[in-house]
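**Q** For the protein sequence lines, the chains are A and B, in the order given.
All residue numbers for the first sequence refer to numbering that gives the first Met the number 0, where the first residue is 0 and numbers rise by one.
All residue numbers for the second sequence refer to numbering that gives the first Met the number 0, where the first residue is 0 and numbers rise by one.
One should not assume that every hint holds.
[Unchecked claim] Short, incomplete list of chain B residues facing chain A, as computed with Cβ under 7 Å:
id, residue
1, L2
2, C37
3, E64
4, C66
5, S67
FYI, nobody ran anything at the bench for these hints, they're computed from the structure.
The C-beta atom is built at its ideal place from N, Cα and C for all residues, glycine as well.
Take a look at the letters that make up each chain.
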Amino acid sequence: MTVETTTPAGLLDGLELIRADFPILGRTLADGHPLVYLDSANTSQKPQVVVDAMVDHLERHNANVARAMHQLGAESTAGFEGGRDKVAAFLNAPSRDEVIFTKNASEAINLVANTLAWAQGPLAVGPGDEVLVTEMEHHSNIVPWQLLTERKGARLRWFGITDDGRLDLSNIDELVNERTKVVSLTWVSNMLGTVNPVAEIARRAHEVGAVVLVDAAQAVPQMPVDVQASGADFLVFTGHKVTGPTGIGVLWGRRELLEQLPPFLGGGEMISTVSMERSTYAGIPSKFEAGTPPIVEAVGLGAAVDYLAAIGMDAVRAHEEAITGYALEGLSTVSGLTVLGPQRAELRGGAISFEIEGVHPHDVSQVLDSRGIAVRAGHHCAKPAHKRFGVQSSTRMSSYLYTTPAEIDTLIDGLEYTKKYFKVD
Amino acid sequence: MDLDSLYQEIILDHYKNPHHAGLRDPFEAEVHHVNPTCGDEVTLRVHLSGTGDDVVIEDVSYDAEGCSISQAATSVMADLVIGKPLAEALALHEEFLTLMQGRGSVTPDEEVLEDAVAFAGVARFPARVKCALLSWMAWKDATSQIVAAAPLAETSPQTSPEETR
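Kindly produce the complete structure, drawing on both the sequences and the hints.
**A** Printed below as a string of structure tokens:
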């Protein structure tokens with residue numbers, strides 16, 4: 000048994016009130032176990048304000064956007080475009096038009112990778128060109144670039160990972176060179192938790208004229224993100240990890256680049272005019288938003304980022320760091336357990352992957368689940384990063400603004416129980 | 000949630016001490032199957048003998064990485080099918096599949112399935128059914144490849160290739 004000795008510094012004020020905003024956290028699971036939700040890097044839970052905003056839209060304002068001339072159409076358009084305004088403000092984007100709504104972060108990356116494949120002129124990627132990613136990427140920031148480089152005869156290159164789970168920048172001078180057209184990297188690793196120095200890497204990439212895409216799927220939920228300070232040319236994240244709904248992702252891009260890129264999907268709303276001979280295309284953001292967009296999802300995402308902004312992303316980051324530090328300390332008391340990635344909370348985000356000698360991650364998560372504790376087990380869509388550390392899969396706990404030290408204690412107890420159950424050590 | 004119904008002693012025993020593990024010669028087919036959602040992997044070889052109705056599973060050898068359920072299922076399967084006539088082994092596969100897809104409603108016949116009856120509890124955990132079936136699918140695939148490739152009389156066993164996967 001672990002005994003909670005101290006309350007870590009940096010926890011959110013009124014943590015119990017914040018938890019009360021999330022109805023699902025009051026659930027009990029099989030055998031009366033209260034839910035201990037430690038899978039927020041997978042998807043976050045939703046506060047009542049997000050649920051209410053979406054229900055209100057569906058109950059009172061539902062109509063298609065932009066093309067409906069009636070009162071409801073105007074209300075729905077205002078709700079949808081209001082979501083875009085809120086996201087733009089949350090990211091400190093210079094212009095709301097630079098915020099493109101997609102289905103998810105994967106689609107946002109595919110949008111950029113595909114339109115780069117079709118681009119003419121300075122952005123075009125061709126034979127001999129290089130695209131640079133890292134070994135710690137989620138598959139969604141690997142596969143689109145494999146497709147692009149295979150299609151265009153370009154070369155995909157990789158930043159490695161150091162033994163302590165940081166990006167290996169020792170060969171950056173060789174990797175970032177005059178052939179580099181795109182550098183695409185994660186801000187915060189979904190497996191190792193590592194926070195990468197994106198601004199520094201972006202600076203180096205820009206020196207050779209490369210464009211930089213930052214996968215901020217794990218960054219936007221848990222730390223302040225200012226796209227202008229980030230150094231990114233493109234930045235993507237997904238709604239459902241920032242207390243918003245599924246079905247909506249965001250691509251932010253610098254206006255001049257978005258305007259140079261050709262359209263992605265063709266269809267309604269992305270055109271200026273269509274004739275049987277040819278079509279001309281709308282300006283951004285509509286150019287990249289063919290078809291009826293995720294309307295109620297944009298309303299929900301707007302409510303979600305407003306909710307986070309009201310709490311303050313600095314405070315959310317401080318909370319994550321406090322919980323992560325507390326969890327790292329707790330996990331270090333479990334014999335046979337190895338944490339993958341940086342061991343210091345200030346170097347990492349709130350996802351901690353680990354192994355327990357003699358118990359497979361699936362079995363760990365199964366036993367934890369029987370006690371109401373939800374974690375993720377598997378390769379977390381980061382197979383190359385697992386391979387780098389010689390493991391096939393791992394167990395991952397991931398916290399968020401509603402996670403308490405007591406929940407971490409429950410996890411540690413659950414892990415000790417798991418070891419007993421499988422008769423290890 | 001009844002953990003003990005999932006993790007029967009028999010399963011944990013096979014997990015700790017898997018039977019027939021390791022890749023062996025001779026064999027006529029080698030397959031590599033992956034469970035894409037969790038990353039569990041198995042490389043599995045099958046060696047058959049005989050022709051027509053007299054085809055017998057001479058050996059099943061494997062190199063597997065995965066959870067207790069998938070590891071134990073591989074071990075139990077190898078125990079069950081090695082030495083059996085092909086038709087009987089295929090019937091066992093069907094029997095096991097029915098058990099796994101029954102969501103806990105199928106009562107297994109211990110006379111037929113032997114240690115595999117321990118997996119009855121797994122059928123109540125839908126997320127884990129694929130773990131129990133990974134190696135069976137690999138075995139079926141490898142066996143079908145051998146049967147499809149040539150009349151068995153003409154099949155000559157391969158020797159071990161340099162690379163394993």
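**Q** Now tell me if each hint is right for this structure.
**A** Now the hints, each set against the structure:
Checking L2 of chain B against chain A: minimum C-beta separation of about 5 Å stays under 7 Å; hint holds. The criterion of a C-beta within 7 Å of any C-beta in chain A is met by C37 of chain B, whose closest approach is roughly 4 Å, and the hint holds. Look at E64 of chain B: its Cβ gets to within about 5 Å of chain A, closer than 7 Å, so that hint holds up. The criterion of a C-beta within 7 Å of any C-beta in chain A is met by C66 of chain B, whose closest approach is roughly 4 Å, and the hint holds.
Below 7 Å, beta-carbon pairs count as interface contacts, and S67 of chain B has one with chain A at about 5 Å; its hint therefore holds.
Comparing the model with each earlier hint shows no violations; every hint is respected.
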